[in-house]
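Chemist: Given next are the chains, with one letter for each unit.
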Amino acid sequence: MIFLILRRLVQTALILFGVAAITFLLLYALPADPARMIAGRSATAQTVANIRHELGLDQPLLSQFWNYLVGLTEGNLGRSYAQKTDVGALIAARLPATLILMAAGIFVEVALGLILGVIAAVRRGGPVDRLVMMASFVGVSAPQFVAALLLLYVFAVTLAWFPMSGFGTFAHVVLPATTLGILGAGWYARMVRSAMIDVLNQDYVRTARAKGLSSVRIVFRHALPNALLPVIAMIGIDIGQFMSGVVVVEAVYGWPGIGQLAWQAIQQVDIPIIMGVTLVSALAIVIGNLVADLIAPLIDPRIRAR
Amino acid sequence: MRILKNMIRQPSALFGLAIVALVIFMAVAAPLIAPYNPDEQMFDGLTLEGAPLPPSAQFLLGTDTLGRDLFSRLLYGARTSLIIGLVANGIAVTIGLMIGILSGYMRGLVGNALMRFTDLMMAFPALLLAIVLAALLRPSLWIVAMVIALVNWVQVARIVYTETRGLVERDFILAERSLGAGHLRILFHHILPHLMPTAIVWGTLGIATTVLLEATLSFLGIGVQPPTPSWGNIIFESQSYFQAAPWLVFIPGAVILLTALSFNLVGDALRDILDPTQRGRG
Chain A
1 MIFLILRRLV QTALILFGVA AITFLLLYAL PADPARMIAG RSATAQTVAN
51 IRHELGLDQP LLSQFWNYLV GLTEGNLGRS YAQKTDVGAL IAARLPATLI
101 LMAAGIFVEV ALGLILGVIA AVRRGGPVDR LVMMASFVGV SAPQFVAALL
151 LLYVFAVTLA WFPMSGFGTF AHVVLPATTL GILGAGWYAR MVRSAMIDVL
201 NQDYVRTARA KGLSSVRIVF RHALPNALLP VIAMIGIDIG QFMSGVVVVE
251 AVYGWPGIGQ LAWQAIQQVD IPIIMGVTLV SALAIVIGNL VADLIAPLID
301 PRIRAR
Chain B
1 MRILKNMIRQ PSALFGLAIV ALVIFMAVAA PLIAPYNPDE QMFDGLTLEG
51 APLPPSAQFL LGTDTLGRDL FSRLLYGART SLIIGLVANG IAVTIGLMIG
101 ILSGYMRGLV GNALMRFTDL MMAFPALLLA IVLAALLRPS LWIVAMVIAL
151 VNWVQVARIV YTETRGLVER DFILAERSLG AGHLRILFHH ILPHLMPTAI
201 VWGTLGIATT VLLEATLSFL GIGVQPPTPS WGNIIFESQS YFQAAPWLVF
251 IPGAVILLTA LSFNLVGDAL RDILDPTQRG RG
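Residue numbers (this note's numbering), protein chains in the order written: chain A, 1 to 306; chain B, 1 to 282.
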């Protein structure tokens, strides 16, 4: 068990190193010249050369990479071209808002998925079952920004139940979190449904029924815990989807998180910020997968025994 | 033929096929159907105050903020989406197949290195990686297609890898090898044909992903650049105006949804038909 955890930790460290390497290569190997971008269009060749020297861009590639890695371990993600401030600090200031949004979005997605999935499994072939199957397809086919604009139009503009944009109160969270969670909920419901149906057909569930247990107790005590495992694994894998969704949702709702930061950086081609957000997102994905892997044996004794 | 027959029997697949056919028709016949030039900013396409017109008999789906006919722009936008869908996804499936087969077939250093690289790419959120590439490369239609291909091959590679690993262990490959068949012969004559169903299924499902990714990139302003119409940039151009002219956002939005949904339905039906063991799995 401990050996397994150690192995996963080493793997994670290697992946993080690879992520840093790819980010570095993208930043320095592609045509855009960072020194020229910082200096601005009207800068003289001398200014550009000075900035290049200051940033260490005139050093060989490998020593630049080494400096970059050392910087990363100190939390240094480089400097923004447009805002002239430390990218790490910009991201750190906005990370809490994004984490709130993601937590709320994951909650909406999982709660909806569990409720619909359980109903669909218990009432197979019924209207909820058919709705779930359809919704799972429509959800993965719908562009998130259109869903965001639609919810905004219906619930903020027309009905005026929620604010258009902003941050601070519970009402502000509802629409962005719903946008983030609702499209994937059908897919979670599908997964819960098939896991539940597998379990409901097992002998021990029949035994429980024969003992005279109520179906509510069978579903929630015996079947649902078994369906939770794939859901947890899926959340771990889905962190990437959420990070992508966060950019769109924050841009539409003016949510002051790292997604909005990235979106504003896109408009100004402020590459260090975009890179920083990508790096942080990759970190979140890797950690998400790691946590999902480590939680699984805590919940399911069968994995622990392996 | 068998595939087509099987498909028509399922209502959802039939619906998907019909919409896919309609979108292809829209894209191919755009110059013939379009009532106006998609780029023409018409004087009578705006109200006296300069606001876009809602759908009417003259402009079927209304006009946009510059007085251009939305219906005509959507027809030409279908071209953009399909070109990107086919090109980006064709490249993605090809890269995915190559890397998947090679890493699954070759044991040792090269195979391992390729698969670790694939795992590594999976750690990046697709949209953000596409954003970085698009922001660095100054997007045009072909760059956007390239960017999407560079992001989307990963999943195909993973699946092809798993399947190849399974195939290599099978007796008929062992028999071929003991008969003296070379690596190339085994790869192209015996393994590749078995992977074609996977490639076809992912080729179809991937178009849905590609259409959505292109729309999202264009919506963020780093996809296909106006005036070339794309479904995403039509929404991008009108989003600040969407409270007054919701049709400019929701009609293209519905078109994107229907197209992606249809490719997903067709891809899913293809999977059921080509690979019965996967039937009913989520």
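Source of the hints: derived by calculation from the structure; they are not laboratory data. Don't take each hint at face value.
Stated by the list, open to error - So the derived list for chain A, only partly shown, Cβ under 8 Å to chain B, looks like this:
#, residue
1, Val19
2, Leu25
3, Ala92
4, Ile119
5, Pro143
6, Leu150
7, Leu151
8, Gln202
9, Tyr204
10, Val205
11, Thr207
12, Val247
13, Ile271
14, Ala282
15, Ile287
16, Leu290
To be verified - Quick list of the computed label-pair ranges, beta carbon to beta carbon:
#, chain 1, residue 1, chain 2, residue 2, range
17, B, Asn6, A, Tyr204, 45 to 53 Å
18, B, Thr47, A, Met134, 34 to 42 Å
19, B, Ala113, A, Ala93, 51 to 59 Å
20, B, Leu192, A, Asn201, 34 to 42 Å
21, B, Gln41, A, Gln11, 24 to 32 Å
22, A, Met134, B, Gln243, 51 to 59 Å
23, A, Arg221, B, Met196, 44 to 52 Å
24, B, Leu192, A, Pro230, 29 to 37 Å
Note that beta-carbon positions come from the ideal geometry of N, C-alpha and C, so glycine has one too.
Chemist: Each of the hints needs a verdict: does it hold here or not?
Modeler: Comparing the hints with the structure gives:
The restraint placing Val19(A) at the interface with chain B holds, with a minimum CB-CB distance near 6 Å, inside the 8 Å limit. For the restraint placing Leu25(A) at the interface with chain B, the shortest Cβ-Cβ distance is roughly 11 Å, beyond the 8 Å limit, so the hint is violated. The interface hint given for Ala92(A) is violated, since its Cβ lies 18 Å from the closest Cβ of chain B, which is over the 8 Å cut-off. Of the supplied interface hints, the one on Ile119(A) is violated, with its beta-carbon coming no nearer than about 16 Å to a beta-carbon of chain B, more than 8 Å.
Of the supplied interface hints, the one on Pro143(A) holds, with its beta-carbon coming within about 5 Å of a beta-carbon of chain B, less than 8 Å. Checking Leu150(A) against chain B by beta carbon gives a least distance of about 7 Å; that is within 8 Å, so the hint holds. Against a cut-off of 8 Å between C-beta atoms, the interface hint on Leu151(A) is violated, since the closest Cβ of chain B lies about 12 Å away. Interface restraint check: Gln202(A) against chain B, minimum CB-CB distance 18 Å, threshold 8 Å, status violated.
Nearest Cβ of chain B to the Cβ of Tyr204(A): about 23 Å, over the 8 Å cut. The hint is violated. About 20 Å separates the beta-carbon of Val205(A) from the nearest beta-carbon of chain B, more than 8 Å, and the hint is not met. A cut of 8 Å between beta carbons decides the hint on Thr207(A): the least distance to chain B is about 26 Å, and the hint is violated. This hint holds: Val247(A) has a C-beta 6 Å from the nearest C-beta of chain B, less than the 8 Å allowed.
Hint status for Ile271(A): holds, given a least beta-carbon distance of 7 Å to chain B, under 8 Å. Given the 8 Å rule on beta carbons, the hint for Ala282(A) holds: about 5 Å separates it from the nearest Cβ of chain B. The beta carbon of Ile287(A) comes no nearer than 10 Å to any beta carbon in chain B, farther than 8 Å, and the hint placing it at the interface is violated. Because the beta carbon of Leu290(A) sits about 11 Å from the nearest beta carbon in chain B, more than 8 Å, this interface hint is broken.
Checked against the hint of 45 to 53 Å, the pair Asn6(B) and Tyr204(A) fails, with Cβ atoms roughly 38 Å apart. At about 39 Å, the CB distance of Thr47(B) to Met134(A) agrees with the hint of 34 to 42 Å. A beta carbon spacing of about 39 Å between Ala113(B) and Ala93(A) contradicts the range 51 to 59 Å that was offered as a hint. For the pair Leu192(B) and Asn201(A), the supplied restraint of 34 to 42 Å holds, since their beta-carbon distance comes to about 38 Å.
Checked against the given bound of 24 to 32 Å, the beta carbons of Gln41(B) and Gln11(A), roughly 56 Å apart, lie outside it. A hinted range of 51 to 59 Å for the beta carbons of Met134(A) and Gln243(B) is inconsistent with their spacing of about 30 Å. Taking 44 to 52 Å as the suggested C-beta distance range, the pair Arg221(A) and Met196(B) conforms, at roughly 46 Å. For the hinted restraint 29 to 37 Å between Leu192(B) and Pro230(A), the CB-CB distance of approximately 32 Å keeps it satisfied.
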